[in-house]
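Quick note, the sequences are listed as chains A and B, same order. In this text, residue positions in the first sequence follow the numbering used here: the first is 1, and each later residue adds one. In this text, residue positions in the second sequence follow the numbering used here: the first is 1, and each later residue adds one.
Be a bit skeptical, because a hint or two may be false.
[As the list claims (entries may be wrong)] Derived lysine-lysine pairs resembling DSS-like cross-links, with alpha carbons at most 25 Å apart:
#	chain 1	residue 1	chain 2	residue 2
1	A	Lys57	B	Lys61
2	B	Lys42	B	Lys161
3	B	Lys173	A	Lys57
4	B	Lys61	B	Lys184
5	B	Lys94	B	Lys161
6	B	Lys12	A	Lys2
7	B	Lys173	B	Lys61
8	B	Lys241	B	Lys173
9	B	Lys186	A	Lys146
10	A	Lys57	A	Lys146
11	B	Lys94	B	Lys186
12	B	Lys184	B	Lys241
13	B	Lys12	A	Lys3
14	B	Lys94	B	Lys42
15	A	Lys57	B	Lys12
16	B	Lys241	B	Lys12
17	B	Lys42	A	Lys57
18	B	Lys94	A	Lys57
19	A	Lys3	A	Lys158
20	B	Lys42	A	Lys3
21	B	Lys42	B	Lys186
22	A	Lys2	B	Lys42
23	B	Lys161	B	Lys186
24	A	Lys146	A	Lys158
To be clear, the hints were calculated from the coordinates, so they are not data collected in a lab.
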Amino acid sequence: MKKMHIELTVNGQPMETLAEPRELLVHVLRERLGLTGTHIGCETSHCGVCTVDMNGKSVKSCTVFAAQANGATITTIEGIAGADGMHILQSSFREHHGLQCGYCTPGMITRAWRLLQENPSPTEEEVRFGMAGNLCRCTGYQNIVKAILHAASEMSAKEAAE
Amino acid sequence: MIPAAFEYHRPKAVADAISLLTQHGDDARAMAGGHSLIPMMKLRMAHIGHLVDLQDIADLKGVTIGASIRIGALTTQAELINNTALTTAAPILKEAALQIADPQIRNVGTVGGNVANGDPGNDMPGLMQCLDATYTLTGPRGSRDVRARDFYQSAYFTSRKDDELLVAITFAKPVGGYAYEKQKRKIGDYATAAAAVQIAASGGRVTAASIAMTNLSDTPVYSAAAGAALVGTACDAAAIKSAVTAMLLDINPASDNRGPVEFKRHLAGVILGRAIARAFSRA
Ligand SMILES: Cc1cc2nc3c(=O)[nH]c(=O)nc-3n(C[C@H](O)[C@H](O)[C@H](O)COP(=O)(O)OP(=O)(O)OC[C@H]3O[C@@H](n4cnc5c(N)ncnc54)[C@H](O)[C@@H]3O)c2cc1C
Ligand code: FES
Ligand code: FES
Numbered sequence: 001m002k003k004m005h006i007e008l009t010v011n012g013q014p015m016e017t018l019a020e021p022r023e024l025l026v027h028v029l030r031e032r033l034g035l036t037g038t039h040i041g042c043e044t045s046h047c048g049v050c051t052v053d054m055n056g057k058s059v060k061s062c063t064v065f066a067a068q069a070n071g072a073t074i075t076t077i078e079g080i081a082g083a084d085g086m087h088i089l090q091s092s093f094r095e096h097h098g099l100q101c102g103y104c105t106p107g108m109i110t111r112a113w114r115l116l117q118e119n120p121s122p123t124e125e126e127v128r129f130g131m132a133g134n135l136c137r138c139t140g141y142q143n144i145v146k147a148i149l150h151a152a153s154e155m156s157a158k159e160a161a162e
Numbered sequence: 001m002i003p004a005a006f007e008y009h010r011p012k013a014v015a016d017a018i019s020l021l022t023q024h025g026d027d028a029r030a031m032a033g034g035h036s037l038i039p040m041m042k043l044r045m046a047h048i049g050h051l052v053d054l055q056d057i058a059d060l061k062g063v064t065i066g067a068s069i070r071i072g073a074l075t076t077q078a079e080l081i082n083n084t085a086l087t088t089a090a091p092i093l094k095e096a097a098l099q100i101a102d103p104q105i106r107n108v109g110t111v112g113g114n115v116a117n118g119d120p121g122n123d124m125p126g127l128m129q130c131l132d133a134t135y136t137l138t139g140p141r142g143s144r145d146v147r148a149r150d151f152y153q154s155a156y157f158t159s160r161k162d163d164e165l166l167v168a169i170t171f172a173k174p175v176g177g178y179a180y181e182k183q184k185r186k187i188g189d190y191a192t193a194a195a196a197v198q199i200a201a202s203g204g205r206v207t208a209a210s211i212a213m214t215n216l217s218d219t220p221v222y223s224a225a226a227g228a229a230l231v232g233t234a235c236d237a238a239a240i241k242s243a244v245t246a247m248l249l250d251i252n253p254a255s256d257n258r259g260p261v262e263f264k265r266h267l268a269g270v271i272l273g274r275a276i277a278r279a280f281s282r283a
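Isolated chain B (complex conformation):
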């Protein structure tokens, strides 16, 4: 499986990458780790005349941790897992990243590539919606911020323009308990269903909850109603049931090789129930 020929570029600065993307229009494509893009190119599902390899752009790397957390787009999933300060500040990131693919792929696959890709099977988009993260996009007209909750339009269609780069992901340091729960057919597989949950509690009652689901629609699904169903409750069985009911109204899974719609809806409920219970126990 050999992809069609392309011209290779390895710019050293964001501005140079953007001018290549601008100059070649939709014939050009950015590449981070290439672990979603190269498989598509091998299958000849992506036709790319000019490949813009981002690996040498230092400005896309690095993690800063303060009241808010900023993750450079080129940070690999392995770097995210091994960053202990980041794990202390936002432990849900490591819990989710460890459930992505396998060690070799996590060494190369980046957080930016994972969220920019737009594949509903990717785990980081739902995670970033749960954290209410903001994506910083830079293009020829300057920079703009888009919330993860507004970024995904349909499978492989996002608010990012062809000539924009995703530079960084920023979110407030999460508070309370967390869980990333994922059901997959085997290790390394994409989710049949997954849930990202953050819960803040005080005196045994939920004060805030954020819930997002993965691979259960053609985009990740942030379910505000599911989170709201938990607020004020003691996260008992009845509360979890109403959160699950609310979530089921927001997802729209398709039948595929991971199972029929009925199975996926059932599974989504089981996975969310487990994620809520674990997040609350850690809150």
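The shape of chain A in the complex, shown without the other chains:
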């Protein structure tokens, strides 16, 4: 099948590639653009490891066609850290043991990053509900929730200080 010209803005950089329309966004990111931070788990829209930010919203990139994403602005896990090092969410996951094998972590952090923009000071229940699309086989979620709540309070404190 004929390939299509796909243009995306990924982590602030304009990128273009050729892809078949049926290719999934996650495959284009990983295999055509070399951004392998976004993982593939279930490939059936359940586990959330493929979560990326598309036009300001968390989406499961295994359930978006490359063609559908054409023209979109995407943030992946590679775009979360700043010039001054890890994002507060990333250091908070490390500090609170929010990961074990780390397979789910890119999706967890990319989703939590958007969640904290939608709701900067969530309750524990709001974190759990807002993270319901991301599964983890290792941690039992306790420390993921702790890490996100801690990051939320650090981020608000930092904002108040600025």
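For chain A, the structure is supplied; the task is to place chain B with the ligands on it using the hints.
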């Protein structure tokens, strides 16, 4: 899991989408959020030569709220949840939408896709039957309106013709109390049983009631008899019991990985009982 190859189209107007659907016949398919369609394509259960992505069609978007409420087909479930004016006018929509899938899926999945899909597991069709909503369908022969209560024929078969688009959903602003009660195996799952209930009351008595059930037949089930059983009562235990009895005559669940028929019938009664009690308490 990669779907078979297809030709991709992204029209900007309803008329252009319809001419693509007309031109390619049953080889073409509309796509809204793709969160029911793409999984089917990955499993190669849907064979599509021409995919018509609706995302750029502005006329399919937007919500208008007046005496009646009109929801553009392309409105996502997340947009519906975050629309506070809509939640004030028809709070049952948000209560139901929050019980669909998970945040990422609600960001992409649309109300139109959910009701047009025809999967008995979808939550919005029963909800729209409860609200007595009307679907506006536009095709090469013009537009027509079909009531949600008449739209569903069997699993994945609806009154929509292949060359018609669902443009919008319209319903009168609901009155009284509401509840969308859903039992699922885990968060993000389709319903084992769900009930949509609207109840209007005055002086402690039910004046009108509308009841529809999800995933308990091969279509959503509007149970007029269950609603009628509540009218004139104080919604006491006896009244709820007769509504449940009436509803059980209208559903026809199948045994599957969510449980055997007996369990589903039992559960349908429990869920409807809870939904009625909550709706009445809010009426
Ligand atoms: C993991 C997972 C869990 C889910 N859980 C639930 C759940 O609990 N409850 C629930 O209700 N849903 C659930 N869904 C389904 C989800 O809500 C879908 O997004 C929704 O059913 C379809 O909406 P869509 O916009 O993605 O439609 P699409 O997938 O794009 O389309 C679905 C069908 O409708 C047709 N269609 C779409 N829009 C139009 C239109 N405007 N005119 C004509 N035809 C149209 C398409 O051709 C297709 O046949 C789940 C999905 C996933 C992946
Ligand atoms: S790989 Fe996309 S949800 Fe699991
Ligand atoms: S840390 Fe292993 S799956 Fe989450």
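Quiz item: Against the structure shown, which of the earlier numbered hints fail to hold, in ascending order?
Solution: When the structure is compared with the hints, numbers 3, 4, 5, 8, 14, 16, 19, 23 turn out to be violated.
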